[in-house]
Amino acid sequence: MGYKIEIKERPGIFDAVGNGVKKDILDLGINSVDRVQFIQIYLIEGNISQDEVKKICEDLLVDKISQDYSINNSQPPVARRNEFVVEVAYNPGVMDPVELSVLKAIKDLGIDGAEGVKTAKKYLLRGKLSAIQLKTISEKLLYNKLIQHIVSSQLSALSFQPAGYKFNLITVDLSGASDKKLEKISKDGQLFLNLKEMRQIKNYFKGLDRNPTDCELETLAQTWSEHCGHKTFRGRIKYTEQIKDSKPKTKLIDNLLKSTIVKVTKELKKPWCVSVFHDNSGVIKFDDKYNVCFKVETHNHPSALEPFGGANTGIGGVIRDPLGTGLGAKPILNTDVFCFAPPDYPFDKLPQGTLHPKRIMKGVVSGVRDYGNKMGIPTVNGAVLFHERFVGNPLVYCGTVGIMPKDKTFKETKVGDLIVVVGGRTGRDGIHGATFSSGELTHESETISSGAVQIGNPIQEKKMVDTILQARDMNLYNAITDCGAGGLSSAVGEMGAEIGARVDLDKVPLKYSGLTYAEIWISESQERMVLAVPKTNIDRLLEVFAAENVEATVIGEFNQTKRLELFYQGNLVCDLKMKFLHDGLPQLEKKAVFIQEKHREPKLPETQNLTKNLSELLSHYDICSKEWVIRQYDHEVQGGSILKPLIGIVNDGPSDAAVAQPVLGSKKGLIISNGINFRFGFIDPYWMAASCIDEALRQIISVGGSLKEVAILDNFCWGNPDKPDRLGGLVRAANGCYDIAKGFGVPFISGKDSLYNEYSVNNKSLPIPGTLLISAIAVMDDIAKTISMYAKKSGNLIYVVGDTYDELGGSHYYDTLGFLGNNCPRVNTKKAKEVFNALSAASSAGLIEAMHDCSEGGIAVAAAEMAFSGELGMELFLSEVPYKMQSVRNDSILFSESNSRFIVEVEKKNQKAFEQELQGISFGLIGCLSKDKNFKVHSIEGKICIEAGINQLKEAWLKPLRW
Amino acid sequence: MKRNPKVCVLRTAGTNCDKETAFAFVQAGADAELVHINKFIQRERNFSDYEILAIPGGFSYGDDVAAGKILANELRTKLIDDLRQFIQDGKLIIGICNGFQILVKSGLLPGNDMFEQEVSLVINDSGKFEDRWVYLKSKKSKVNSQKCVWTKHLPEVIYLPVAHGEGKFIVQDETILKKLKDNNEVVFQYCDEAGKLAGYPDNPNGSLENIAGITDQTGRILGLMPHPERHISVLQHPRWMGKKEGDGLRIFKNGVDYIRNHF
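Protein sequence lines correspond, in order, to chains A and B. For the first sequence, the numbering used here begins at 1 and goes up steadily by one. For the second sequence, the numbering used here begins at 1 and goes up steadily by one.
Read the hints as simulated data drawn from the structure, not as lab findings. For every residue, glycine included, the Cβ atom is placed at its ideal position computed from N, Cα and C. One or more hints might be untrue.
Here are the simulated DSS-like cross-link-like pairs (lysine-lysine), alpha carbons at most 30 Å apart as the crow flies [to be verified]:
| # | chain 1 | residue 1 | chain 2 | residue 2 |
| --- | --- | --- | --- | --- |
| 1 | A | Lys128 | B | Lys128 |
| 2 | B | Lys152 | A | Lys64 |
| 3 | B | Lys196 | A | Lys793 |
| 4 | A | Lys55 | A | Lys4 |
| 5 | A | Lys793 | A | Lys180 |
Which chain B residues face chain A? A few, computed with CB under 8 Å, are given here [stated by the list, open to error]:
| # | residue |
| --- | --- |
| 6 | Ser120 |
| 7 | Glu130 |
| 8 | Asp131 |
| 9 | Arg260 |
Whenever a hint applies, use it, and build me the whole structure from the sequences.
What follows is the structure, encoded as C-alpha cells:
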C-alpha cells in the first residue's frame, strides 16, 4: 500500500526554507503573508507494514532532533481561515532525483518491500490572500508547470503507472511527397530541416526504393541540426559589408569557421596545442605529465523554460565534454557566465510565456550550485550581465576544464569493439533537445517542447566520473564520448562514423517501460557516456562499474559495415550509410549584411562633481558585487584554489581571473578568465569581439600571468542566422576574432555557437543582443607569483598603465545616463602586447603589489574597487593619466572603457625598477594609497571631482544584488 | 609506530573532498588510501587495516533526505560493530563537513553507548549554501586542557573555509549542551578575527553557541564543519602573504603524531 509522510520543523526550530519563501513573496510585492511553513512529503509505495513505515520515518527520513512527522494525515487541505496550502509534486515521467537513494536507504534498513518513492513539497501560507495572489505566488515561485503540478486531492501524487509498448515499425511517406508536404513533415515532426535538406533525404531513399523509418528520419534531423552540425558556421555565406560612408563590398565566405576561428590556430601553429577543434574539448599541454582541456557550452533555451533544470543539465552536460575528450579528462573547475533581463523588470511588461528575470536568475544560480557543488568541481570564475533584450531568452554559458595524463589524450574506436552505455538510464526526457535549440523560442515553446526540459542527477554523474577514470587508468577501453544533444544517436553515430555500428535498442536500460525504439535512440537523458570496449576487456570493465553501483550495459558492436544499423527485438529499424549520415548534408547558403550604423554621440554638459556618477556606476547591475551568486558556489573544493573569486581584507572584492593549482603540491597553475561585453556590439560587433579578447587576456595579465601559453574559446550567442542582418553582425564579429587573436598570437582551441536566440510573440521577433563570450585559459609557471586586485598598503604608489581614449560609446557611464554613443573602444594589438608583456615582466620580478584591469566603468570603477576591497583610501590626479583625445574631459578619462589598461600598486622602493620595466609604454603615476579611507580624485583642472568615503562607495557596490 | 600511520579516506557516491583530504594526511606524514564503502561491506577491506578513519566532505548520496543521512544510515545498519571495535581499539576518526554530518547522524558524535543521535546539523539560517572563510576559536579548557587529540598546539584563533548548506549545529535539549560543555567536547567555535564570538557572517550558519566542531568523550573523534584540508598551504589562504603553513595542516599532523606515539 501507499504511505504519505509529512515532515516539518518542530516548533521552536527555525524554518529556513519557509522563511526564504516568505522573503520571495515579499519580492513579488505581496506583503500580507505573515508566515510560511515548509513541509516535506514522501510518498512510499510497496508492501510495507505500519511498523516498517514508522521505522523508515524515525531511522531515516526524520531528523529527530529538529523535526516532527505524520503518516497519512487526513486533515483537510485548508484548516483555518487565512491559511492556504499549496502542495507541489513532479509531473508523471519527470525523474525524482531522490527516489533511488531513498530506496537504497530503505533497503539498508532491512526493509525489502518498498517499490517506489516520490517526493512533494507542501507550503502552508498564513495571511490574507486573494485567489489571484495565491495563484501568482504558486505560479511565480512555488512550481513550474513544465515539470510540476499542484496537488489537489490528498493522495493523487502517488507514482504513475507507465504504459507498455508493443513494437510497431513506423515509416514516413516521403516518396510521393510534394515540397509543401516535405515542409509539413519537417515542421510537424519538429525536425527543423529545411526544404533542401528534406529533398536530399527524399532522394536518398528514392535511390533505395523505400521510405525512411521514423528512426532514420530522426537520426538525420539530429545529426544535421544546427546544434550538432553548425550549418551556419560551416555553410556558404554571401556577405555584404558597408562601413561608414564607403561603398558596400560583397564577398563569398566558404565556411566561416575555417576562414576565421580555425584559421588563427592553424597559422599560429603553437606547439603546445595538442588537440584542437575535433574532440569534445580543446586540449593544450600543462606540464610534462599532463594535458588540460577546456570547453564552454550554452544552455539557453532550456534555461528560459525551466531555469533550475536548464542550468543544472547545462553544467552537467559540459562536464561530460572533458570527460569525453581523448580517453577522458578529470573535471577540475567550472566557469559560468549569465545574461539576464534586469531583476527589477516590471511584471506587466513581461512577454507572454516568459518567466520573470529574477526568478530565472535565482533558478539558474541554484541549478549551477546544485550540480557543480555536488560534483565537487569548484566554480571559480564567471560573470553576470543584464539587458532588457534578454527577457525572453537568457544566456547561460557553462564551462569546464579537465586534466588528463598525456598518454590519454587520443582515442580510436576499433572494429569489433563493444558499444557500452554507462551511467544513467534512458527515459523520455530531453527528446528533441538538439533540434529544439535550432529554432526560435515562441510563446508556445513551453508546451510543444516540454520534453526538452530535464532535471539532472549530479550524484549519478559523480559516480560515473569516479568509475570511468578508474577504467581509463586500467586501459580498458579504446574510445569514449558523451551522450549530449542527440543522445545515443549522436554518440554512436560519431564514434562509428569511419567504420560502422550495430545497436540492439532493446538492450538499452530504461527508466520505465513504454519508450518506442526511436525514443530510446534519440532521448537526451542525462548522465550517460558511451565507451568502445575491446571484447577481451569487457568483464573487467563491467566489474569496475559494478563495484561502485554504476550501471554499464553492452548494447551493440562497432563493425566494418560503414553503416548504422539499429535493431529492436530483432527487427531492423534503421539502416543508414555512415557516409550519407555524416557527409550528406547539403551545404547551406545564407545571405549576410552588415551596414555600420551611425549612432549619435551625446553632448553632455561638463560637471564638476562626478561622485554621484561613480556611485551610480558602482550600483549598475553589470558592475555591482555578485557576492550573492558567488558564495553559493563551492569555489574551493579539490583544494586547488589559489586566487579566489572574492578577495580583499574581508574577502568580498572582485577578483579579475581565477588561479588554480590542478596538481596539488605542484608549482604550476592555471589562470581562467573571460571577456564579454554585448554593449559594444550594438555599435560594432567587430570591436566587441576585439574588446572581449582584450578583456580576457588583460585579466590574465592582472593576476600575474603572461601571454606565453594562452588559449581562448569562442562562444557566439546570436539571433536567427536566416535573417541577413543578424548573420551580418555575426560575420563581422568572427572577422574581429580572427584579426585580434592573430594580432595577440593567441590561438582558439574550441568554441561553440548557439544561434536562433530570439523570442517571438505574435509574429514579432525579439532577438537577443549578439553576444560573444571569450574564455581564456593560461598556464602559469609559478603560482606563488599570483597577484591580487585589492590595495595592500598605505603609502604605496598607484599607476595607470595604457592609454585612455575618448571611447565612451557602449560604456556603462553612458548607459547610466540613457545613451549608447558611437565611439566604442578599439584594440591596437601591437601596443596592447607591449603593455601586457611589460607588466608580466614586472610582476614576475616581484615589483607589483596589486593590479586590476580597467573594464566596465573605466579607471574610476577599477580604482575604487581596489581601494574599498583593501580598506584603504586613495588619492588620484587625473592630469597624470596618459590620454589621447581631442578635447579632454574629466568624465571621459574616468569612465571611458578603453581597452588594454591597468591600475597598478607599487611600493615606493620599487618605483624606479617598475618604471624601468615600462620603458616605451604609456603610463602615469596618478596617486597613492592612504589610511584615511577616503577616495579622492583631482580633476585635470586641479579641483576635487570625486570625494567619498570608501565604505560609502562599497555600500553602493554591494547593495543592488544583496538578496 | 615506525611505519607511517595508515589512513582510510572513506568514499561513496557523492564524496568529493577525498583526494585533498588524503593529500593533507600525506603531507602530515601518513599513508592514505581512498576506499569505497562497498569494499568494507563486501569484506574486501576491514577497518582494522587502518589507524585513522577520515570521512571527507561532499554530498554523500546527494545529501538526499538530509545531509549525510543516507551514509549515516548505511554505517549504522551495515558497519556499526566494526566502527565500535575501531573506537575501542583507541584509533582516531575525523569527519569534515559532510563527514561531520555523518558522524552526528550516525550517533558517533558526541557519542553514547547506544549510538543514539543527540545533536544535529540542519539548514543554515540563511537558507542557502555558502562558501566563506571563518575564524575559529579552538577551545582550551582549564580543567582538562586540550582533551581532543586533533586540536593540540593550535593557535588561539585559526582561519579555515566553510562550504555548506546544512551546518547549523543544534542539540536535542539543554542537558546535551551542558554535557558537551562540562566534558569539554566543544572544540571549535565560530568567532571574529580577535577571537570573540560573533553573529552572521562570522557565525555562517546560525549554530547554537557558535559551535563549529565537537569531539567525543575520548577526545579521539573529531567532527567539524570547516575544511582544514583546504588550508594546509599558505597559498590557499585568501590573503596569503607572510604566513608559514596553512592553519589546517596542524590538525592532520596531530592525528598522525598521536598514532605514531600510541601504536
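Q. Holds or violated: B:Lys152 with A:Lys64, Cα cutoff 30 Å?
A. The hint is violated at about 33 Å.
Q: Verify the proposed pairing of B:Lys196 with A:Lys793, using a straight-line Cα cut of 30 Å.
A: OK: B:Lys196 and A:Lys793 at ~26 Å, within 30 Å.
Q. For the pair supplied as a hint, A:Lys793 and A:Lys180, is the alpha-carbon distance within the 30 Å limit?
A. 73 Å, violated
Q. When the nearest CB of chain A is found for B:Glu130, is that gap smaller than 8 Å?
A. 5 Å, holds
Q: For the pair we were handed, A:Lys55 and A:Lys4, check the Cα-Cα distance against 30 Å.
A: 14 Å, holds
Q | Restraint check, 8 Å cut-off on beta carbons, for B:Asp131 near chain A | A | 5 Å, holds
**Q.** Interface hint outcome for B:Ser120 [beta carbon to chain A under 8 Å]
**A.** 4 Å, holds
Q) Is the straight-line distance between the alpha-carbon of A:Lys128 and that of B:Lys128 30 Å or less? A) 28 Å, holds
Q: Answer holds if the nearest beta-carbon of chain A is closer than 8 Å to that of B:Arg260; otherwise answer violated.
A: 22 Å, violated
Hints 2, 5, 9 from the earlier list are contradicted by this structure; the remaining hints agree with it.
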